[in-house]
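For this one, chain A is given, so just place chain B on it according to the hints.
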Amino acid sequence: MKTIAISGKGGTGKSTIAALIIRWISDHVSKSILAVDADCNVNLNDLLGLTLDNTIGAIREEMKDKANNLPGGMTKQQYLEYKFQTSLVETPDFDLVAMGCPEGPGCYCYANSLLRDVITETAGNYEFIIIDNGAGMEHLSRRTTQNINYMLIVSDPTIRGIKAAGKISRLVRDLETRVKEKYLILNRVKNSIHPSVLDIIKSEDLKLIGTVAEDNEIMDMDSRGESIWQSVKDTKAYRSIGEILTKFSF
Amino acid sequence: MSKSIAIQAIRGAHKIVARAEKELAQALKDKGAGIKVEFPDTAYYLPVSYGMLGMKIETLGGLKELLEEAKSLLPPVPDENINLPYLGHTLDAGMSALFADEIIEVIKYTQHPLPYLPEPDPKNGHLWLGAANDVILRERGIEFVDGTAPGFAACVGACPTNEIAVKIARELQEKNLYVFLAAGTDGKSMARQLYEEGIELGWTTRLVPFGDDVTACIHALGFATKAALSFGGAKPGDYKKILEYNKERIFAFILAFGHVDDEKFAQAAGAINFGFPTIADTDIGRILPTGICTYEHVVSPVEHKNIVSRSIEVRGLKISVSEVPVPVPYGPAFQGERVRKEDMYVEMAGQASPGFEFLTSKGLDEVEDGKIEIFGPEIDDIQEGTQLPLAIWAEVAGRNMQPDFEPILERQFHDFINAAHGLFHVGQRDINWLRISKEAKNAGFKFKHLGVILHAALHNEYGKIFDKIQIRIYTNEKDVLNLIEKARKTYRERDARLADMTDESVDTFYSCALCQSFAPNHICIITPERSGLCGAYNWLDGKAAYEMNAAGPNQPVKKGTEIDIVKGQWQNVNEFVYHNSHKTLEVFNAYSIIEYPMTSCGCFECISCVLPSTNGIMTVYREYNGMTPVGMKFSTLAGTVGGGLQTPGFIGHSKHYIGSRKFVSAEGGAKRIVWMNRNLKEEIREILEKVGKQEGIESFFDMIADESVATTEEEVLDYISKINHPAISMPPLF
Numbered sequence: 001m002k003t004i005a006i007s008g009k010g011g012t013g014k015s016t017i018a019a020l021i022i023r024w025i026s027d028h029v030s031k032s033i034l035a036v037d038a039d040c041n042v043n044l045n046d047l048l049g050l051t052l053d054n055t056i057g058a059i060r061e062e063m064k065d066k067a068n069n070l071p072g073g074m075t076k077q078q079y080l081e082y083k084f085q086t087s088l089v090e091t092p093d094f095d096l097v098a099m100g101c102p103e104g105p106g107c108y109c110y111a112n113s114l115l116r117d118v119i120t121e122t123a124g125n126y127e128f129i130i131i132d133n134g135a136g137m138e139h140l141s142r143r144t145t146q147n148i149n150y151m152l153i154v155s156d157p158t159i160r161g162i163k164a165a166g167k168i169s170r171l172v173r174d175l176e177t178r179v180k181e182k183y184l185i186l187n188r189v190k191n192s193i194h195p196s197v198l199d200i201i202k203s204e205d206l207k208l209i210g211t212v213a214e215d216n217e218i219m220d221m222d223s224r225g226e227s228i229w230q231s232v233k234d235t236k237a238y239r240s241i242g243e244i245l246t247k248f249s250f
Numbered sequence: 001m002s003k004s005i006a007i008q009a010i011r012g013a014h015k016i017v018a019r020a021e022k023e024l025a026q027a028l029k030d031k032g033a034g035i036k037v038e039f040p041d042t043a044y045y046l047p048v049s050y051g052m053l054g055m056k057i058e059t060l061g062g063l064k065e066l067l068e069e070a071k072s073l074l075p076p077v078p079d080e081n082i083n084l085p086y087l088g089h090t091l092d093a094g095m096s097a098l099f100a101d102e103i104i105e106v107i108k109y110t111q112h113p114l115p116y117l118p119e120p121d122p123k124n125g126h127l128w129l130g131a132a133n134d135v136i137l138r139e140r141g142i143e144f145v146d147g148t149a150p151g152f153a154a155c156v157g158a159c160p161t162n163e164i165a166v167k168i169a170r171e172l173q174e175k176n177l178y179v180f181l182a183a184g185t186d187g188k189s190m191a192r193q194l195y196e197e198g199i200e201l202g203w204t205t206r207l208v209p210f211g212d213d214v215t216a217c218i219h220a221l222g223f224a225t226k227a228a229l230s231f232g233g234a235k236p237g238d239y240k241k242i243l244e245y246n247k248e249r250i251f252a253f254i255l256a257f258g259h260v261d262d263e264k265f266a267q268a269a270g271a272i273n274f275g276f277p278t279i280a281d282t283d284i285g286r287i288l289p290t291g292i293c294t295y296e297h298v299v300s301p302v303e304h305k306n307i308v309s310r311s312i313e314v315r316g317l318k319i320s321v322s323e324v325p326v327p328v329p330y331g332p333a334f335q336g337e338r339v340r341k342e343d344m345y346v347e348m349a350g351q352a353s354p355g356f357e358f359l360t361s362k363g364l365d366e367v368e369d370g371k372i373e374i375f376g377p378e379i380d381d382i383q384e385g386t387q388l389p390l391a392i393w394a395e396v397a398g399r400n401m402q403p404d405f406e407p408i409l410e411r412q413f414h415d416f417i418n419a420a421h422g423l424f425h426v427g428q429r430d431i432n433w434l435r436i437s438k439e440a441k442n443a444g445f446k447f448k449h450l451g452v453i454l455h456a457a458l459h460n461e462y463g464k465i466f467d468k469i470q471i472r473i474y475t476n477e478k479d480v481l482n483l484i485e486k487a488r489k490t491y492r493e494r495d496a497r498l499a500d501m502t503d504e505s506v507d508t509f510y511s512c513a514l515c516q517s518f519a520p521n522h523i524c525i526i527t528p529e530r531s532g533l534c535g536a537y538n539w540l541d542g543k544a545a546y547e548m549n550a551a552g553p554n555q556p557v558k559k560g561t562e563i564d565i566v567k568g569q570w571q572n573v574n575e576f577v578y579h580n581s582h583k584t585l586e587v588f589n590a591y592s593i594i595e596y597p598m599t600s601c602g603c604f605e606c607i608s609c610v611l612p613s614t615n616g617i618m619t620v621y622r623e624y625n626g627m628t629p630v631g632m633k634f635s636t637l638a639g640t641v642g643g644g645l646q647t648p649g650f651i652g653h654s655k656h657y658i659g660s661r662k663f664v665s666a667e668g669g670a671k672r673i674v675w676m677n678r679n680l681k682e683e684i685r686e687i688l689e690k691v692g693k694q695e696g697i698e699s700f701f702d703m704i705a706d707e708s709v710a711t712t713e714e715e716v717l718d719y720i721s722k723i724n725h726p727a728i729s730m731p732p733l734f
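Chains as they are written, first to last, in the numbering used here: chain A, 1 to 250; chain B, 1 to 734.
Since the hints were made in silico from the structure, they are not lab data.
Lysine-lysine pairs mimicking PhoX-like chemistry, simulated, CA-CA at most 25 Å apart:
#1 B:K489 x A:K83
#2 A:K31 x B:K438
#3 B:K22 x B:K36
#4 A:K83 x B:K341
#5 B:K56 x B:K235
#6 B:K633 x B:K655
#7 A:K247 x A:K190
#8 B:K441 x A:K31
#9 B:K362 x B:K305
#10 A:K83 x A:K31
#11 B:K464 x B:K175
#12 A:K31 x A:K2
#13 B:K441 x B:K371
#14 B:K543 x A:K83
#15 A:K182 x A:K9
#16 B:K341 x A:K2
#17 B:K31 x B:K56
#18 B:K341 x A:K31
#19 B:K478 x B:K489
#20 B:K486 x B:K371
Here chain B stands alone, though its shape is the one from the complex:
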């Protein structure tokens, strides 16, 4: 951390505490200890000291105790020649300055005339509002709780020009932030700058001028403290809860404009206690490592044009765009709407022209949030009935963004675009297809609105994941064809990553209850390495289905505590299976055929079962009608295994699962297979050969008996004994 910041903040705290001591002594002398002190219409006393310390100060005399508290927190001003870890001291100094602020500000309320008025009256020279009363707190504070207003920007000082002040205030307002204004720079304040430009100030416009004194900053933090006490359920004196509430729930930050003196540094240090960082337009040094605040504590210098977006990012504030600003009605009700050929104005990508959709992540400084560019013709440049290529290229940035989220966000394009009335979208990646209706075109819908939709909808739904998004839309064939290869390369990489996914690499499996209509007690648990037994559903399908319909037949199942990693048993999975099998199954092993195996609905592609004398298992595909070595045909076997019954020694599964690392891995895996019907064996030849190679068993494929050499268990045993099948020398199954 920056030593200079610490030194200045601690020095500033000393100055403010000294000033408080002087002014309190003067007031006591003039008015006496018994005189009442209070902020107007509040039940929270002096909110910061009430919240932090539980102090109920009502008289001038009572302030003496608070002053002592402030003094006791004051650390010594560090020697400039010694390097020490200063953060703790700096935070104490900041808190001490806040207590001193409160003393100075409340004394102002004993003066005549009052320096503060409930409503600003700038024409008569009254600009400043001072502390917010409880009515305002309840009216406005609720907006912080329900998310209407995500937080506030406490602006300290004055901007270099009135124009900049207005621009920054407008930008903050657009983000629904409250703008608290306090203190000034060289006799000028941002509040006055806004007033001079004819901008209306007050709680209703969310531009709130607290006071021109540096100590008026306390009203911002007082407001934050009251919010924690009244909405956060924090008890007075429970400083930890109050500070945490503010860090987690009130997205506030300090914007410092112009020269930052020691006293202002002390305010910044006080705000850091609340998790509110300071961003300055001048170079005041930096405290970059995270710790008290969510990310950086002090960032400077930042150019005026970037200061709002930079602040939002540093504070970790998530912007939500409540309405999708497009000229056509927008909502989930319009999903699934098909734009008929007769009604369409333009058709993009699809079978007639190339196209793709792509989302990738970039560095925070490479993405300008909300930037939308069109390359190629806009909708107004083309005739009705035109077919155009379409590439949507989105770049996102965010501190929580991970490459694994890219395909998830990209997949949402479909739903989000479809939610616009008059738009018909199908597919994803390089199989996309879009129609825009004549009606939408006439309503003023442009290609750029595709970007507007994605910007707004992605921010709304996935704001937790990313902070910024910019979108490029290509409607000319040359660009689309150029970029499509780049996108395809990434698609292939993503697929490879998915193919390499293991059960260990995820913490969540997905259930499938699609077949409960006819097998009410059966529940599938789909893991990356064990697809659904019908062969139709893999882990990604489960995940995608859940993303699309959170109340549907596919639910996420957290693995939870590991019970037996070899057999594949987890505590949460057991609990989930118990409740969703209507309490018929208590224990479930994902990788075992012998002990508590997974049940089957009846849709299995294959059935595997133990052939006890061979120490191995046989696998039969559902289209094989002949007799199997276990003495049952497939249909009879199906009756044994299906219907949600847990039958040790028998499992139903997909073809795909045979090639999985986790295929009956508790019993040694696919090398246990001693018999398989011929067609299946041929069909999955590659898989079996791979298993043989991995296990170092030469000609494993040929070691597996089929109906041409064995149809009874004895014949299988005979066959495998001759060729020394690996199952013979494996540990006994029972």
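Same shape as in the complex, but just chain A:
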């Protein structure tokens, strides 16, 4: 099992990159993929052309509200497992689960502890876990996601963007989450990268693994709110992602 987490501040095209990565791995490496939408502003499913029936957040709320009134005298462990398993969206190319929004007030220790168990256990069934992470790293800090092989931080090629990426990178280090390798991906690169951008990448202690070219086709699909799943294969961006991912020996 390999876990790839994609992170980055809002507006960098992080979810699009995540969708492209899922597509490329599904096309070239394995279809045993669990895609995890861990960004509260759930939209990965839209990019992938799927409808969500349920999110982990909603299940967690339900668990809290129904604490003493579960159907069929089920234990919470079993009920949660059932709900979790049924909330997975299954496609021939990958499966998807959405984390939903972070918790409201109240005690979530129990629900989170149950969730961690069931997610960890289920994740073990897949060759790839691909997580579209929110910039706030909510799930990393909550330890609902663990043991990340590759953390890919997405940024646009601007000084401000890279600085934000550097911040995320340090946050990961401070959280002591188990991230093995950490890389930067520059998205929406028009021509060449400005030398001052390269300098700041260095000073932020980031490792640039590749760039994704600006892609009008994808921008168009995105702005029309369409799924990029079907027509992505011939795009420049898809080829760029392929170049990056071939650098990892999966």
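Chain B in isolation, oriented as in the chain A frame:
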């Protein structure tokens, strides 16, 4: 008990003792008192007399003392016209017969040629092995100790046909039992019947021919005695320990085939001393009440087809199936495996089709162990990608089975089915869902194997609870829909039973240390009537979590000796809390807010605290941000109560707990509540109205002040004084 059995056993003992006396006299005359007598290669002398009496007999002359012992134990043969309680006499007669057996059998070892050989050599007419030596004892006896062999069946006599003999021997072997063969019926013995059918006899095949004489039965009991001496740590002469060891640890019984004469009755009586019952295929009467044996002592007549299962049940033998015989790998490592849609062959129940899982108990005669039936299509009858209904209906029977165990066993289906590679199971009851992978199907997995798994795994883990299980698997919608209502009715009854559960009705509470990561000195004690203070965890959750993970954050806490039943204090609970709060809390009252109240981690749904001048308490929910009459907002209160601190007058608790009979019951219960924030009050209106009704206080709900009428303690006092709130006239809190 049956008088006829007693009479025949006592008469039989007299006959055997008389025979021993005669044969001993003859031997003494022929060979002299000084000649050595012994069973081969043993340090246990004549094991039964050595074990029971501590006698170390080494010579023919030494046997005289044993004979005297046998004679002194012999009761008079009872008059057929008098009714007496005969069991004690019968047991004495049995023991006396065993001593006489030993005398007769050991004298055989002074004869030439020896009637017994170490290995059977039936071709040359030598079938019989006689006493087991110590090498065999250590090799085989250890199997009795580690459970590889649960016990032995001592078969006495001969079966009506060779075919029946073979069938019964095979059935006993399948249960991993040793089969000891002795004596015969009308010149025919079961050992010879097996030999005639080409079946290999000997210690290696566990079919052990001791001897054709009735007295050869002693070698079975001698073996049992040696096991107690060598593995049970019993001292020679400590007959009580030896007999108890055998009753508790060696699951043996006597199978009597064909006519049972007086001498055989005497052997049966001897075996009862060890806790070994006799089951016969002919009508020899019955001794049904329990007493010496775990259950019945003598059961007859029993049909041949049932005799093995009946014997196992009468002896209280628990069968374990060491391997789960399914065509796919099986083990806990495969739990949590998800069968992806792409990989699945069939999907059952779940969101697409109806289904349920159900386990109920039945009478012992209504359940045939291991019977598995399929109603509807088998896996081979369907196409890949089919969705099918699924009902698993299990019926168990057992002497220790109780209705309360049904849901516990039923809940295990999930784990047990999931442990098969290529199976993905979620849920329980009528929310179940199963996928079987293409790989499992190709390996030969059938729906019937669901039954095989449950049979084997339940026997292994819960064999103490039940004896037999049969399983029906329904894969057609009509049956599933028909039966689902029946199952649902039972589910509802179980839930009602659980809802009625009280702290007094259980002897075990559950701890919860889930929050110790941030409140290291806090420990929750969850009782049926006091759920965890976070509101998430109730007693059943604790129990279920413990069943699933015995080393997890939820541990059973035996209540132990009651210290104060009103305040809810028990000795073991105190000790548990002391050790698990890192020795910060010594005393804990489950039902009091004033004296040694339960501590809180910080996850509480509500905080209740005393408002001293009102003689009552206030309760605030964690989402209420306003000021409370105690002068603190929720967040400040939380700092006072949380973190595992025992703060008299303050408790954190769940919403649910307010409706419990045990809510601060030491101080008079929920009718002490004088203030509550409005939202909470509305939310639990029903509960509060119920409390009012139970206490006979009209409009109790309205008597509770909230922030709309009072935000200070004075205002609360003012409010409740006007309406004569019950707290005012209750005994003072301090």
